[in-house]
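Got chain A sorted already, so can you dock chain B onto it with the hints?
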Amino acid sequence: MSQIAFLGAIESGLIFALVALGIYLSFRVLEFPDLTVDGSFPLGAAVSAVLIVNGHNPWMATGLAVIAGAMAGFVTGWLNVRLKILHLLASILTMIALYSVNLRIMGKPNIALLGEQTLLSPLESLDTPYYVTTPLAFLLVVVVCAALLVRFLNSEIGLALRATGANPRMARAQGVRTGWMILGGMALSNALVALAGSLFAQSQGSADVTMGVGVIVVGLASVIGGEAIISPSTVLKAVLACIVGAILYRLAIALALNLDLLGLKAQDLNLVTSVLVMLAIVLPRYRLRRPVG
Amino acid sequence: MIRLEDVHVRFGVGTPLETHALRGIDLQISEGEFVTVIGSNGAGKSSLLNALSGEIAVSSGRVRIDGRDVTRLDTAARAPLVARVFQDPLAGSCEFLTIEENLALADARGRRRGLKPALDERRKQPYRDYLARLNLGLENRLQDKMGLLSGGQRQAVSLLMATLQPSKILLLDEHTAALDPKTSAFVLDLTRQIIEEKQCTALMVTHSMKQALAVGTRTIMLHQGRIIFDIRGEERSRLGVKDLLDLFSKSQGETLDDDALLLG
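Chains A and B, in that order, give the protein sequences.
Going by my numbering, the first sequence opens with residue 1, and the numbers climb by one from there.
Going by my numbering, the second sequence opens with residue 294, and the numbers climb by one from there.
No lab work stands behind these hints: they were computed from the structure.
In this text, a Cβ means the ideal position worked out from N, Cα and C, and glycines have one as well.
Each hint should be verified, as a subset may be incorrect.
35 Å max Cα-Cα, derived DSBU-like pairs, lysine-lysine [what the hints assert, rightly or not]:
{"id": "1", "chain 1": "B", "residue 1": "409", "chain 2": "B", "residue 2": "475"}
{"id": "2", "chain 1": "B", "residue 1": "535", "chain 2": "B", "residue 2": "503"}
{"id": "3", "chain 1": "B", "residue 1": "475", "chain 2": "B", "residue 2": "535"}
{"id": "4", "chain 1": "B", "residue 1": "438", "chain 2": "B", "residue 2": "491"}
{"id": "5", "chain 1": "B", "residue 1": "535", "chain 2": "B", "residue 2": "409"}
{"id": "6", "chain 1": "B", "residue 1": "491", "chain 2": "B", "residue 2": "475"}
{"id": "7", "chain 1": "B", "residue 1": "475", "chain 2": "B", "residue 2": "503"}
{"id": "8", "chain 1": "A", "residue 1": "84", "chain 2": "B", "residue 2": "461"}
{"id": "9", "chain 1": "B", "residue 1": "409", "chain 2": "B", "residue 2": "461"}
{"id": "10", "chain 1": "B", "residue 1": "503", "chain 2": "A", "residue 2": "237"}
{"id": "11", "chain 1": "A", "residue 1": "237", "chain 2": "B", "residue 2": "417"}
{"id": "12", "chain 1": "B", "residue 1": "535", "chain 2": "B", "residue 2": "461"}
{"id": "13", "chain 1": "B", "residue 1": "409", "chain 2": "A", "residue 2": "84"}
{"id": "14", "chain 1": "B", "residue 1": "438", "chain 2": "B", "residue 2": "461"}
{"id": "15", "chain 1": "A", "residue 1": "237", "chain 2": "A", "residue 2": "84"}
{"id": "16", "chain 1": "A", "residue 1": "237", "chain 2": "B", "residue 2": "535"}
{"id": "17", "chain 1": "B", "residue 1": "438", "chain 2": "A", "residue 2": "84"}
{"id": "18", "chain 1": "B", "residue 1": "461", "chain 2": "B", "residue 2": "491"}
Cβ-to-Cβ under 8 Å is the rule here; a few derived chain B residues that face chain A [stated by the list, open to error]:
{"id": "19", "residue": "307"}
{"id": "20", "residue": "368"}
{"id": "21", "residue": "369"}
{"id": "22", "residue": "399"}
{"id": "23", "residue": "410"}
{"id": "24", "residue": "472"}
Bound conformation, chain B alone:
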């Protein structure tokens, strides 16, 4: 169970560039829920994600994971609870390390690291099996540098890395946005499979309304740092992109003019 209680995030306080990125977010995510988050540029999607991962410190409010107050913990300290796939395929893995080393690194998330060898045959076999499910032939390229892979391949491996060890929440930060449509569909499909199979609690930020409704069990929309609607269940399954737009203008009294969001 993830809880955000009246979370505010401000950047550049006291400077002319002060921004109030999150303005009182209250959100509760139950175990097994798969939440998709939409919103236009500057709505606070990334801030929400970073507040959950610990990458930015919240200005006020509380973040709780399974009842534990993690508000003051940094990214590394929250890592046992939070897994993450970044938007930029280059950001989520180390290009100078081999595929197996990247997996070993992720495999140690949430565990104490010691002086044992990071890799041995016993550990490699599960990695090979896990990679094989991608059908990308990566199981035979364990010793290739990560930097040799394409963006889509790296994103697929990042997803495997994030789910090697269990977490309380899996954060997906527009992780298909930088990919071409075909690869994007492949990675999204893989995401859906893995989340279902491992019964992850997940939060996925997306730019595309269609994608937001197509996957997951619940959708929230952010606008100017606030949650403006939160839909799930049957109500959600009946909605289309058009209805979402209506919902938006009804709640805000304005129409949405972010092209990127409409086209998705």
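This is chain A alone, in the form it adopts within the complex:
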């Protein structure tokens, strides 16, 4: 693998670390299997891309993308909490609806951002090449988001959020309004995913309505893979596991696609992803089941 390919893998690994943090919040903390992310990732990309090509400030564009993602998560939570639709189905409904919404926002299936003023533009004027500075900038973003998330989950509200996922009946008896917790948690989760989508579009130089396909599986692969490496016994460790998992996953994919002897090509990405997730789920179970001694 070349240095550029390696740093490229790190870069997208860091972006998907944000997705993994969002998925950790929904799948693990709230125990809410949320497929909205397949829609909120391109939503973040679409909102920021449209604003950027229309000459708006990229910071504002990214900020609004995050808010749009939060709204998408809120809708999924609302369908589940208020309308009592099964969580998985609620998230699928939002995801499907977002496909149309994203097309409407962009007005076309694809928006190029080449030559536009993005968050990453200031980095281009530096002496260091972009393939070094971009991953460093994203590392900073991930560290800040992760630190804030850990601090939040250890706060009084964060603890209530964790109890909501683990034992909602007990949480209610302790005065936790579990409905609001789910709405807020889902909003936060999808805000993180939309941020990832926005950054992905700005670093790749385009937003595409199909870019969300399989984001959920990649994110889940990162969470599960990370947990296999770092045991998530505390919030801090669980969050670190997401980040490590996302980066290693991207490296593994880059490696697999780079190895000529496997004969894999870029179009095999989703197949490889699914197989990796399957292995990550099954292998730890197999290891436990083996008789000891």
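Just chain B now, with coordinates in the frame of chain A:
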């Protein structure tokens, strides 16, 4: 002061499985009273408890706590007034959270939760002291996951959790029923101590007539959704299990054939 006024609870209205779990309960519990509730399966004990905690909505009637009408409030909204220990040791605490996190969660009952850290050294010390009274060595295991504790230990911690913050009524839902006899006695003893010490108003559901008479200041018996007797004071202190059974057949004109209730 807790008041139930003509409370009815119906489940599955309009379906073949419609049940009328509570049929007009009138009950007044004064401050500091410790009421034990007995009754056979399906008598309405759990419905009574759930109607008080807000977990089920009453079909008609009023629930008042300290004069405030809470009939329409859900569990979370009543939490500042009502504390609860569940029958299932797994239900009353979060197994994925640590012991100290569970305590912190319960410590915030009835208070507004904010973005302050849920735990810091200043807050941990009282938890440690409180746990130490159990003599289970849990004060040195604050960071252990709740799921590592035995059923009895979890029930003991649940009891501490329920009484960390004051409440208008403490609901105990057969909280010793799932434990072995020795542990059950330990938890019951602890219950008695804490209730006396904190002067809680409490309502304890139990399957055992002996237990119902042994603890508390007042005993009510439910049968088919109604209160069939309500005894306290000197009258209560003179009664034994046998007298309770007589009382039951006198009021109902039938004999009680629930083995689980007799054996207790």
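Structure-based check of all given hints:
no.	hint	in the structure
1	B:409 x B:475	violated, 40 Å
2	B:535 x B:503	holds, 10 Å
3	B:475 x B:535	holds, 24 Å
4	B:438 x B:491	holds, 28 Å
5	B:535 x B:409	violated, 55 Å
6	B:491 x B:475	holds, 24 Å
7	B:475 x B:503	holds, 16 Å
8	A:84 x B:461	holds, 32 Å
9	B:409 x B:461	holds, 27 Å
10	B:503 x A:237	violated, 49 Å
11	A:237 x B:417	holds, 22 Å
12	B:535 x B:461	holds, 33 Å
13	B:409 x A:84	holds, 32 Å
14	B:438 x B:461	holds, 30 Å
15	A:237 x A:84	holds, 33 Å
16	A:237 x B:535	violated, 59 Å
17	B:438 x A:84	holds, 31 Å
18	B:461 x B:491	holds, 11 Å
19	307	violated, 19 Å
20	368	holds, 4 Å
21	369	holds, 5 Å
22	399	holds, 6 Å
23	410	holds, 6 Å
24	472	violated, 18 Å
Hints 1, 5, 10, 16, 19, 24 from the list above are not met by this structure, while the remaining hints are.
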